Every structure is written in structure tokens, then in C-alpha cells.
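Full structure from sequences and hints, please.
Going down the list, the sequences are from chains A and B.
One point on numbering: in numbering that gives the first Met the number 0, the residue at position 14 of the first sequence is 13, and numbering is uninterrupted.
One point on numbering: in numbering that gives the first Met the number 0, the residue at position 239 of the second sequence is 238, and numbering is uninterrupted.
Derived by calculation from the structure, the hints in this document are not laboratory data.
Please note: incorrect hints may appear among the correct ones.
[What the hints assert, rightly or not] Only pairs whose alpha carbons sit at most 16 Å apart, straight line, appear in this in silico EDC-like list of lysine to aspartate or glutamate:
hint, chain 1, residue 1, chain 2, residue 2
1, B, LYS67, B, GLU57
2, B, LYS117, B, ASP134
3, B, LYS124, B, ASP134
4, A, LYS112, A, ASP94
5, B, LYS117, B, GLU169
6, B, LYS199, A, ASP94
7, A, LYS90, A, ASP124
8, B, LYS199, A, ASP110
9, A, LYS51, B, ASP257
10, A, LYS51, B, GLU222
11, B, LYS90, B, ASP110
12, B, LYS112, B, ASP171
[Claimed, not checked] Covered stretches of chain A, as calculated for chain B (at least 3 residues, CB under 8 Å):
hint, stretch
13, 56 to 68
14, 102 to 108
15, 111 to 124
Computed from a predicted model, the values in this text were never measured in an experiment.
Note that CB positions come from ideal geometry on N, CA and C, so glycine has one too.
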Amino acid sequence: MTPKIRMLNTTSTALFLAMGLAFSSATHAAEPAAKPVLTPDQQAGKDIAFSKSEGNCLACHAMAGGTEPGNVGPMLIAMKVRFPDKEALYKILWDPREKFGRGIIMPPFGDHKILTKEQITQVVDYLYTL
Amino acid sequence: MKKIVPTLLIAGIVAGMGSAIAADVKFNPLNNPSNPSEFAKEFRNYFYENFPQIKHNEYNMGVYGFDKDAYSQYKNMMEFPPQDDYIAKGKKIWDSYKLPDGKPLSSCVGDAKGLRAKYPYFNTKDGQVHNLELDLINCQKNAGVPEDKVWGPKQGYADLAAVSAYLSSESDGMTVDVKIPNDPRATEAFNNGKGMFFRKTGQLNFSCADCHMYHATQRTRSETLHTGIGNTTGFPVYRYSKQKMITLNNRLFGCMRDTRTIPYPQYSTQFRDLEYFLAYIDNGQVINGPALRK
Numbered sequence: 000m001t002p003k004i005r006m007l008n009t010t011s012t013a014l015f016l017a018m019g020l021a022f023s024s025a026t027h028a029a030e031p032a033a034k035p036v037l038t039p040d041q042q043a044g045k046d047i048a049f050s051k052s053e054g055n056c057l058a059c060h061a062m063a064g065g066t067e068p069g070n071v072g073p074m075l076i077a078m079k080v081r082f083p084d085k086e087a088l089y090k091i092l093w094d095p096r097e098k099f100g101r102g103i104i105m106p107p108f109g110d111h112k113i114l115t116k117e118q119i120t121q122v123v124d125y126l127y128t129l
Numbered sequence: 000m001k002k003i004v005p006t007l008l009i010a011g012i013v014a015g016m017g018s019a020i021a022a023d024v025k026f027n028p029l030n031n032p033s034n035p036s037e038f039a040k041e042f043r044n045y046f047y048e049n050f051p052q053i054k055h056n057e058y059n060m061g062v063y064g065f066d067k068d069a070y071s072q073y074k075n076m077m078e079f080p081p082q083d084d085y086i087a088k089g090k091k092i093w094d095s096y097k098l099p100d101g102k103p104l105s106s107c108v109g110d111a112k113g114l115r116a117k118y119p120y121f122n123t124k125d126g127q128v129h130n131l132e133l134d135l136i137n138c139q140k141n142a143g144v145p146e147d148k149v150w151g152p153k154q155g156y157a158d159l160a161a162v163s164a165y166l167s168s169e170s171d172g173m174t175v176d177v178k179i180p181n182d183p184r185a186t187e188a189f190n191n192g193k194g195m196f197f198r199k200t201g202q203l204n205f206s207c208a209d210c211h212m213y214h215a216t217q218r219t220r221s222e223t224l225h226t227g228i229g230n231t232t233g234f235p236v237y238r239y240s241k242q243k244m245i246t247l248n249n250r251l252f253g254c255m256r257d258t259r260t261i262p263y264p265q266y267s268t269q270f271r272d273l274e275y276f277l278a279y280i281d282n283g284q285v286i287n288g289p290a291l292r293k
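Quick look at the structure:
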């Protein structure tokens, strides 16, 4: 995929996202956008994602609450809306090469044993809160 | 309607983040000729086309050639250039150092003026790429300096780095002019170095190109990724954060280790070939070491 196409994709994702969120906020208009309290698994996932020696996702991705994020990868936001299939998200973390091709800079966290299955599941749980 | 405003904002941010794309023009090294000078031309063009904001004569400044914030920090650090102490110390060592036969290091490698600008070079006699620091070390070894007094990667490293800094200052302003002699082994050394630059390695599965080519000018955390041109011009480099003078070989070793692989030994053929590749790419750039990095 050329970077140009990728840019288009991101933009259309964003549009879809805007529509999706606008729609969902119409149906759940009463709910305040309060900060969710994380479950222990989600919290563990967050710790892994933010830790320099483990996930270090912040090195490349902006994530809510993360300081000094890199901008090599796209912002991780509204993950539940954009990845309704949790398994698909898990697969990206396990080995992003399947989706993005061999040239992708993102490390294959599962395939190269950087994180365990349990840890990746926890990170995915956390991503769903974003 | 009110609710839509923040969601559009989020959408805008996502679109904005997504467009933090470094490189628009593609580079597929597999399509490229194995002729070093043709390859180098294409390699440099990749950067010239993708990053027209970087002036050709400012590639030798690393990130300071295009990152304004970093540049202003750099200006502050340069008010009292910490390299100067190293240059002075290096000169002292260079002038006073005696090999066991009583001769100076210059008897082995030549005079200080312009010496740094002769490296790296391919020696058709031994079929190897020569690196300045390794040649100094070999001078000591060949002259019979006892093992524990030779400037290795650990012991004597500060002295070696200081001498390297002094020698760099004695080539300041000269132009990088690395030659690939008409010898198949020289071309092979270049292509070996090129392979190291593009090959993904280690547990993290990174290549040098991942960071310094495809994602150049972007940031990993707060570190701006410099480009594939100007990797060698400023070396050795004083690292402010480490309060230490770092040689090129040491830096390459560190970058490779950071991919979580077992790096090749320091000064091995692999690292010298990588240096050869990087320096050849830098041909035409002005040597400006010892440089300063945060």
C-alpha cells in the first residue's frame, strides 16, 4: 500500500468514525463521557502498552493519557468502533505483517515473543477502552 | 448537534495523525541497480524528493537540519561547546603518545591534518574497509603495545574517542569523498553494508531503513528520526545526555543492539562495511565533527 493510499484510508476511517460516533451518541445521548474505571486486566494492558521495556506502543502511537507519544503509527483511538472484531485487533498485535506486509515497522509482538498471549489479550482489552 | 462537534474533532485528530506520513515517494531497493554510484544516487534522491524542506548542505546536521525545536535546543547547548575539551584532550594525547619504538601514532597512520577525511577507505591490499579508530588500535597492536594498554571498546575508550574528536576537528570543513575502487571486493563490501542497512533484524524486527528512511523525520517518543544522509559527517559525536564522546562504530553497535539482536563484534567486517555504505552515501557532504547531539 502506498503512503498516499494509506492516508486516504485513514481519512475515510475518520469519516466513518465521525458518522459512527455521531450516530451512537444520538442513541446514547444521556450517557456522560466519563473516564472509564479500568478492570485489572485493562489496567495491566495499559501498563504494558505504556511501559518502555514491554509494549512501548507510545513510541509510535498517540494514546489518550500517554505523554510524549511518537507519530510513526496512527493514533489509537475509538478502537471498539473501528475494530468491532476483537480477534482482528489481537492479530494485528500478534503479527502486524499479516495485515500490513513484511515492511511494516511495528514489531510482531506475539510472533517474536516480545509479549505473551495473555499480555496481548490484556493490551487488546485496554485498547477497547480507548 | 452539540455532540457532533467533539466527534468531528476526534475525526480530525485521527485524520491529522494519519497524515503524519514521512515518505510519499516510494523506494524499492530490490528494483535498484547493484552499481554503487547508481544506487547512491537513487538513495539520495529518495530523500531529496520526500523532504524538499531539508537543504542539501544541511543533511550533515542530522535532526538539527529540519527539526526547528531541536535546533533551538542545539543552539543553546552550543553556547559552550562541550566538544572543545575533548578536542584539546585528544590533541594532547596525539602529540604525546609514543608507541613502544618511541614513534608517534602519525608514523603509522599519517599526519593529523585531513586524516579523518581519508576514512573509511577500501584497502585493495588486504581487501578490507578501514576504519580510523580500528587503524589506531591496530597501530598499537602491531607495535607491540601490551594487550591491556590497547584502546579497546572498553578500556582506553575515552582516550580513543578524544583522539578521534581531535582528528575530526582537523578535517572540519573538508568534503566526504569515499571511493569505491575498481575491485569486486570493494563493491561487495558496499553491497554488504547496504544489506545491513535494509535487513530487518532482532526481536523487534527493525531495519535501519525502517527508522532512518521510511519513517525519517517522524518521531519515536520525543526522538526525531534523522534521515539516511549525514549519518557519518559529525562523528565522533558528543552526547549531551550521556556526557560522553561516542565513535561511529560504537553508535552503530548501539543501534543494532537496540533492535534486540546479538550485535556483531565491534569493528567487525560487518560494521566497517556498514560504515562504508553510509559514508559513501554522504559523499559531497561537509565533515563537521566532532558534533553535538542532545
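Hints, verified against the model:
no.: 1; hint: B/LYS67 - B/GLU57; result: holds (13 Å)
no.: 2; hint: B/LYS117 - B/ASP134; result: holds (12 Å)
no.: 3; hint: B/LYS124 - B/ASP134; result: holds (15 Å)
no.: 4; hint: A/LYS112 - A/ASP94; result: holds (10 Å)
no.: 5; hint: B/LYS117 - B/GLU169; result: holds (12 Å)
no.: 6; hint: B/LYS199 - A/ASP94; result: holds (15 Å)
no.: 7; hint: A/LYS90 - A/ASP124; result: holds (13 Å)
no.: 8; hint: B/LYS199 - A/ASP110; result: holds (15 Å)
no.: 9; hint: A/LYS51 - B/ASP257; result: holds (12 Å)
no.: 10; hint: A/LYS51 - B/GLU222; result: holds (14 Å)
no.: 11; hint: B/LYS90 - B/ASP110; result: holds (12 Å)
no.: 12; hint: B/LYS112 - B/ASP171; result: holds (9 Å)
no.: 13; hint: 56 to 68; result: holds (count 6)
no.: 14; hint: 102 to 108; result: holds (count 4)
no.: 15; hint: 111 to 124; result: holds (count 3)
The structure fails none of the hints (numbered hints given earlier).
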